[in-house]
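Protein chains: 6
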Amino acid sequence: MKLPKELIEKFKEPFISELENYINSEVELIVKVKSKRLLENKNGQKYLLITFEDKTGILRAIDWFNAEKNDSKIDVGNVVRANGKVVLYDGRLQLNILQDSDIIVLNNNEYSYERFVAESKIPIDVIMKDLNNMIKSIKNYHLKKLLEEIFNDKELSEKFKEAPAGLKIHHNYRGGLAEHSITVAKMCDNLSKVYPWINRDLLITGALLHDIGKIYDYVINPKGIEITKSGELIGHIVKGYEIVEKKIESIGLNEELKTELLHMIISHHGELEWGSPIVPKTPEAFILHMIENLDSKLNRIQNIKEKELETNPDKEWSDFDPNLGRRFLLKHIERG
Amino acid sequence: MKLPKELIEKFKEPFISELENYINSEVELIVKVKSKRLLENKNGQKYLLITFEDKTGILRAIDWFNAEKNDSKIDVGNVVRANGKVVLYDGRLQLNILQDSDIIVLNNNEYSYERFVAESKIPIDVIMKDLNNMIKSIKNYHLKKLLEEIFNDKELSEKFKEAPAGLKIHHNYRGGLAEHSITVAKMCDNLSKVYPWINRDLLITGALLHDIGKIYDYVINPKGIEITKSGELIGHIVKGYEIVEKKIESIGLNEELKTELLHMIISHHGELEWGSPIVPKTPEAFILHMIENLDSKLNRIQNIKEKELETNPDKEWSDFDPNLGRRFLLKHIERG
Amino acid sequence: MKLPKELIEKFKEPFISELENYINSEVELIVKVKSKRLLENKNGQKYLLITFEDKTGILRAIDWFNAEKNDSKIDVGNVVRANGKVVLYDGRLQLNILQDSDIIVLNNNEYSYERFVAESKIPIDVIMKDLNNMIKSIKNYHLKKLLEEIFNDKELSEKFKEAPAGLKIHHNYRGGLAEHSITVAKMCDNLSKVYPWINRDLLITGALLHDIGKIYDYVINPKGIEITKSGELIGHIVKGYEIVEKKIESIGLNEELKTELLHMIISHHGELEWGSPIVPKTPEAFILHMIENLDSKLNRIQNIKEKELETNPDKEWSDFDPNLGRRFLLKHIERG
Amino acid sequence: MKLPKELIEKFKEPFISELENYINSEVELIVKVKSKRLLENKNGQKYLLITFEDKTGILRAIDWFNAEKNDSKIDVGNVVRANGKVVLYDGRLQLNILQDSDIIVLNNNEYSYERFVAESKIPIDVIMKDLNNMIKSIKNYHLKKLLEEIFNDKELSEKFKEAPAGLKIHHNYRGGLAEHSITVAKMCDNLSKVYPWINRDLLITGALLHDIGKIYDYVINPKGIEITKSGELIGHIVKGYEIVEKKIESIGLNEELKTELLHMIISHHGELEWGSPIVPKTPEAFILHMIENLDSKLNRIQNIKEKELETNPDKEWSDFDPNLGRRFLLKHIERG
Amino acid sequence: MKLPKELIEKFKEPFISELENYINSEVELIVKVKSKRLLENKNGQKYLLITFEDKTGILRAIDWFNAEKNDSKIDVGNVVRANGKVVLYDGRLQLNILQDSDIIVLNNNEYSYERFVAESKIPIDVIMKDLNNMIKSIKNYHLKKLLEEIFNDKELSEKFKEAPAGLKIHHNYRGGLAEHSITVAKMCDNLSKVYPWINRDLLITGALLHDIGKIYDYVINPKGIEITKSGELIGHIVKGYEIVEKKIESIGLNEELKTELLHMIISHHGELEWGSPIVPKTPEAFILHMIENLDSKLNRIQNIKEKELETNPDKEWSDFDPNLGRRFLLKHIERG
Amino acid sequence: MKLPKELIEKFKEPFISELENYINSEVELIVKVKSKRLLENKNGQKYLLITFEDKTGILRAIDWFNAEKNDSKIDVGNVVRANGKVVLYDGRLQLNILQDSDIIVLNNNEYSYERFVAESKIPIDVIMKDLNNMIKSIKNYHLKKLLEEIFNDKELSEKFKEAPAGLKIHHNYRGGLAEHSITVAKMCDNLSKVYPWINRDLLITGALLHDIGKIYDYVINPKGIEITKSGELIGHIVKGYEIVEKKIESIGLNEELKTELLHMIISHHGELEWGSPIVPKTPEAFILHMIENLDSKLNRIQNIKEKELETNPDKEWSDFDPNLGRRFLLKHIERG
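Residue numbers (full-length UniProt numbering), protein chains in the order written: chain Z, 1 to 336; chain L, 1 to 336; chain S, 1 to 336; chain P, 1 to 336; chain D, 1 to 336; chain W, 1 to 336.
Check the hints yourself; a few may be wrong.
Since the list gives no way to pick one copy over another, a pair counts as held whenever it fits inside one copy or between any two copies.
What the hints assert, rightly or not - Heads up, simulated EDC-like pairs for lysine to aspartate or glutamate below, C-alpha to C-alpha not over 16 Å straight-line: (1) 239 x 255; (2) 229 x 319; (3) 193 x 334; (4) 331 x 255; (5) 258 x 232; (6) 331 x 256; (7) 229 x 314; (8) 161 x 119; (9) 229 x 316; (10) 331 x 232; (11) 159 x 321.
In short, the hints are calculated from the structure, not lab data.
Turn these sequences into a full structure, and let the hints steer you where they fit.
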């Protein structure tokens, strides 16, 4: 489903986030049309205002020369090849479409959909290094071994690094699962200092593995992130149990530790109505649920904030978010 | 945990349900004290009214001779050895305690607790025969093979025949799991005639296996039925998935069939808040949930009715049942 | 509100489901426009792709000759008269609109709206025969008499045969009430074999009558099925009580049987929040609720499945269904 | 079930509320034992402190002479005959049991249970007069006639005057139904002045009839107020509909008025989960629900307040009330 | 934010509600376009049917002369200046657009947005007079003084008279807060006659002040009513507490009265899930909650009814109202 | 309400937690009777087994000499003076009551109830030092000043150090409020490292102040912790708002910061149904809610664990906890 590496390497066209290196230069871009409007200035001249996007950001573009022609050619959602000059306007980057350049709509096989799949802002290598350090800090021999076996398992670890942690709600981008897992583990680590009676090794092992079943829940394809049949009919809670239980079978683990660890995985949604078949009944399971819930919600808030402000930097309040059941103050007071 | 068969055979003392064969004879019983009251007749004579019970029923007993002595000797909940004459009084059996006979309180090791563990009214052999016939009626080769492998697996099948289907709510007696499983399967069989577009083989396979995980949820011991650590921390939904998934791994099964069957097991509680991590998303899963819910509730109603009428045959309404959230009409009009 | 029988007989135009008898013939159809799209083939030729429907199914039609003209003439929702040739294309029937034939939009009085009111796939006569056989199987004289009086009552029985069992949720077509009632009764009949302590006669009587009040809830008119003022302000639960209570008054019935039967009618929604003013408190009322709930939901699932697959035979998952709160697997494994 | 009038007339013994006319006199009382405590004063003298009650109030009594003997003779809940002298102590009435007088426990047939059935503090004749005046104020001829027919119907009106409006929750005393009905009607009358667009006649008719079905829900017998089989299986919402619908059938009423009035009766609980099969969909139905809810709750608050303060005049907070889900401030600031 | 009085006085153009004084005269109006349709009569003549609105009502208008030109000029939502002749047609007022008159679209600064902000149908002076009379009827010196201090406070009283009581749900128009407050107080006054044990002074004081915090929740601006940052982050329950608590601090009040009054303010939403941090625990707080809830809902019902019937006088049922969760019978039987 | 310091100093009797310094010595204790049982050893000798408690722990005691006499003298709940010898038995401390020593029941005025009021295991001075360090770490001048003003305010700070954070649910002991506040602040501090976009100063200020209103919710008196009238009628959410708002008024603060800080206080319960009148709408408010919820629940779990294991060191599962809706695994695997 993924393009071969060689092919991806061939892409010369810069990403939107790289355009700050091209100010006042002409570039050729492969971008998706996010929105467009045909307007008229005071002199009656038509111009076309477009917002382009790729996985790295959004870009304002203006076509002063072929406004009507290009307007009829492109639709929102099209992926296009466009040539223009990168300029700074009002403090933000803008692409001025060249006069003698057509905007060309591309077919699916003329570009890599990977250009448009969002991914974690933290490079996956950084995440995995943090994760390996976290594993090294585990003192319990068997738990550390279990983690090593899972994250050194070629199939599991390949999928883990690619997987999103969700479709829409949170960490819904490539690498989201890994980012979420390590962030939760870090908070659990901090917490185990505040509550010294908590079993740190168990807590961190659970934190790193709690969503591992999601590697079978989603697939990234040209349409974006889609849920799999296994994701709909079985789900990551039970799949995560299966993955970890089988790995434990193969390497052995004290029965009590095994039960408590597996309990953490299946109870991490915290309540039956949120999809855990069993509620947390150990302190570690309880903490894991609350911390992973916190990280999920905060990631969602952060994403909403960034996305809405990127589009409209003056917006004070977010739109109503049906998932969280409220609007958020976008313009809250930032760290001074 | 169970007494060896030889030992059980040795028990000579009849069960309460067998006493109709002993009318006007003297018997020695091993029974549990369910309640007792020291009363006085019009002539000022003290007598002791006791209700005994074993797993087969309850029995009224009267001690006219050593009322006060025996009253001070026995407590509610004690298991005792008692000698008396079986008589018919007011159309019901009664035990008249003999004059020269002491009621003796027994220690745990002086009787088998099996005497007091309720069991299915349908003999387990009859249930298992029905179950095997049901398996034979399956046309899909792989599903039939899967069922045979599971119910011929010595460990699984031994446990299956002993297991209750619950602690309190329904089928909470030895053999209850098997009784529930076959009853649900029979109703599903009937239903597949009314809805011919339903996959009968898949539906019946799911019906027979849906609660199989309960074999690890409960243990029967001298205190009665108790929930295990696995029952509390993992639960039968996930355990059932594990049992069936591993058996499928060992014998092979078409991937789609496997997913749909496992989906039926984990979704059979029907709603997240009732403990299924995924709601039913196939017609067969949906039916299985509704039918097994119906059988659970009806078994509970039937048990409440029998138990309350056994104690008080004139009671019109049941006590309020917190599980079902209502009182039931005990004296509803029976089949004419 | 209904057209006289004679008028309906006059209709010569075949229904869509009858077209398999007309392959390669020219026909004149009266159909509703479900959707349409004006397209262009590789040679730049415009053609109009239409989906027609009547109460018996949907039909793909193509107009190669007057695409633009007919596109501007018809709107989605119009009922039209169209002439074309029935052909087999890609294994499915298709209507090729004739070159010299105009598609004509009809007024309300130029066709019978009955053509577009869906109806039960089981002929009403078959349903009523099943129902009469079910009544004959009742052993209790008074319950059987009550059923006969109700289903022989001219007004009640006329309405019963016409009525849908719902607006949207389930059995929302002519004859749906009768189909639902007999299906529920059949399942209750099967169930009374599995639970022999249940009062079969009472259960079946309740099953056949439980939704009788719906005859006053809906009206079928040119706009489709609409809810009546009585349906909005009183509802079928109370209306059903009134119908049956009055009929009992006129023919007499043992007071206890009367109360239990009426209780079944008003409690059949099972929970207060689902519209029953009283929850089921007898085993028969309990079973009736669960079985009629099962049939309602299964009918909905079956309808969704058929409708979505008719439109798109390759669809794997249904759309999200707000009533059931989930998507369904359309491509589940059918009976082998 | 009620004693004949003649017998009741025979009772000479005063009620507790009448004792203020007997201060410093000796009286013979028939009272129920609400609580008792055997105590010892500083000189080591035993005395028995009893709280008596009848339907008119509670009374503190002290036995200085036969404390131990009488303590062993009476149980809480017994109805007794007691002789004593009425005195004022600490500003409250008290009964000093006479030295030479035995407290005698009475059998069920030695007293009328009516003595202990609480009743409305407003005499039923006053309530019914108010109700008749309210009926006279109705301008719509048919609604007024309907009310007259119902409240002049001998059977209905006899039952109406006796009936409580509940078992426990509110107006749970003889005459409670009538008191509740007229109070709700009065508030609706007031409200119709504030909202002149509301149909006053319809609103008041609905207010007076909304709970009429309760005449078949409860029975007053020696055990107190009990719910009937009809109350459990049918309930007052549907019974009220039946009573009013049949009376309308017999006297005739405009179809629309009939539907809206019956709608008010079945929707007056306001929400499905509170037992109305249909929610209020007219302004009058909406108001009726909210006002009758207000009166029910206030009556409950008032009863709790009176009862708790009668027992302990210094109590600041009520006990937690599970029905209302809170404690109430008993010592709130009274009207100045 | 408000236009100066002088400017408002200058408006010559009549409001829609004043047009009954202009029948058969020509008028110039400033109105908003609510809807429009370009139609054709039988002779093929095009005409433009417009619905205009201002804060006083809606008006049907027809343009027979420049239908197509004006149709292309105006959009729904535009505020326009239009000249026409007022005529009676079919019993309703109608504006016939003049032949030689252009409809002119106005900019924001060419009209006062006040023309389009709905306001209470009861003039604010009438409301405030009622309110002052209600204050005078209070007997408790301190409560009366508190009310006088608040409603004589220039800032508070100015805001109070302008404020709406909501954004959408109820009393969502200028003066709505004052109208709601006095209506609730009047009903509480009536109620205190039916329940004489209630503290009338406290109840009325709470009624008048319960929503006072809303003066900081909303702002009326050209876009209509908008919620403020304080409204989103603090809300009127806590703001109302703050206003009243500070005023009490400044004038003094018995501690108990203060606590009970403030309790009424913060508990008036009645349930935690409706936004009160504490549920009502005094009778007065309880009544206030129920009465203010009743008035809120009735106002909403009345508004829906008026608005839907104004648009379509023949409509029998309202649209589904998501806030109240139902449709309402618009054509209920009015007071005879 | 508290005893003067001098008096407390006078107490010579050691606390239970100090007894490890008295092994094999005779001591005089002032302790509360938690439970007692009169038993008989094999030789028929009676002995009295008592469990004593004070605020520092529980203690097993045995009286071999005056078992029956002392049994009749003391009741569960009594505070007594007892003399005995401290011994080690089965690895746990035990008090052997002396032969010639009477156990004496004390009146309320013969001991300080402070002995029995539980308090935080962390000394209040340590907590306050942590808190002051936390304040020092705040960089925003105004927030730091606000915290200093509040925690240097004599009245507020005295109450803050004494207050519990609850009646039953969590931190229900002297110093519990301070312990909870600083623990939440520490976790928020850690968290602000993981989410660097969060406003640390604001978050920590909110954490330290969120429950400050509880200083008026509870009072510690001889009966234990009781809720005040203000606690019942106003509650700590609104009281906390009032305290902080007034302090801000007196020292001044940027309007935006003020609103966001006050928003954090009133929204910290997270959901309306948990008593916040407004849900969190800023990231800091959101985090504060989740972290303080986590600390509350963990404190409850920890307390349950300690208390149940103290009584029965072999218990595997806690009792069902109605607040958390589950049993907890007491014997979970501790940090290795």
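Going down the list of hints, with the structure as the test:
In this assembly of identical chains, residue 239 and residue 255 lie within 16 Å of each other by CA distance solely across copies; the values are 15 Å between and 20 Å within a copy. Taking the shortest Cα distances, residue 229 and residue 319 sit within 16 Å of each other only across copies (14 Å), while inside one copy they are farther apart (32 Å). With identical chains, the CA atoms of residue 193 and residue 334 are at most 16 Å apart between copies only, with a shortest distance of 14 Å across copies and 27 Å within one. Taking the shortest Cα distances, residue 331 and residue 255 sit within 16 Å of each other only across copies (14 Å), while inside one copy they are farther apart (51 Å).
When the C-alpha separation of residue 258 and residue 232 is checked against a cutoff of 16 Å, the pair qualifies only between copies, where the shortest distance is 14 Å, while the shortest distance within a copy is 27 Å. In this assembly of identical chains, residue 331 and residue 256 lie within 16 Å of each other by CA distance solely across copies; the values are 10 Å between and 49 Å within a copy. Taking identical chains as interchangeable, the C-alpha atoms of residue 229 and residue 314 lie at most 16 Å apart only when they sit on different chains, with a minimum of 15 Å there against 42 Å within one chain. In this assembly of identical chains, residue 161 and residue 119 lie within 16 Å of each other by CA distance solely inside one copy; the values are 11 Å within and 48 Å between copies.
Taking the shortest alpha-carbon separations for residue 229 and residue 316, only the inter-copy value of 9 Å comes in at or below 16 Å, while the best intra-copy value is 40 Å. In this homomeric assembly, residue 331 and residue 232 come within 16 Å of each other (Cα to Cα) only across copies, at 13 Å, whereas the closest approach inside a single copy is 37 Å. Proximity of residue 159 and residue 321 under a CA criterion of 16 Å is satisfied in neither setting, with 30 Å inside one chain copy and 31 Å between copies.
Consistency with the previously given hints fails for number 11 only.
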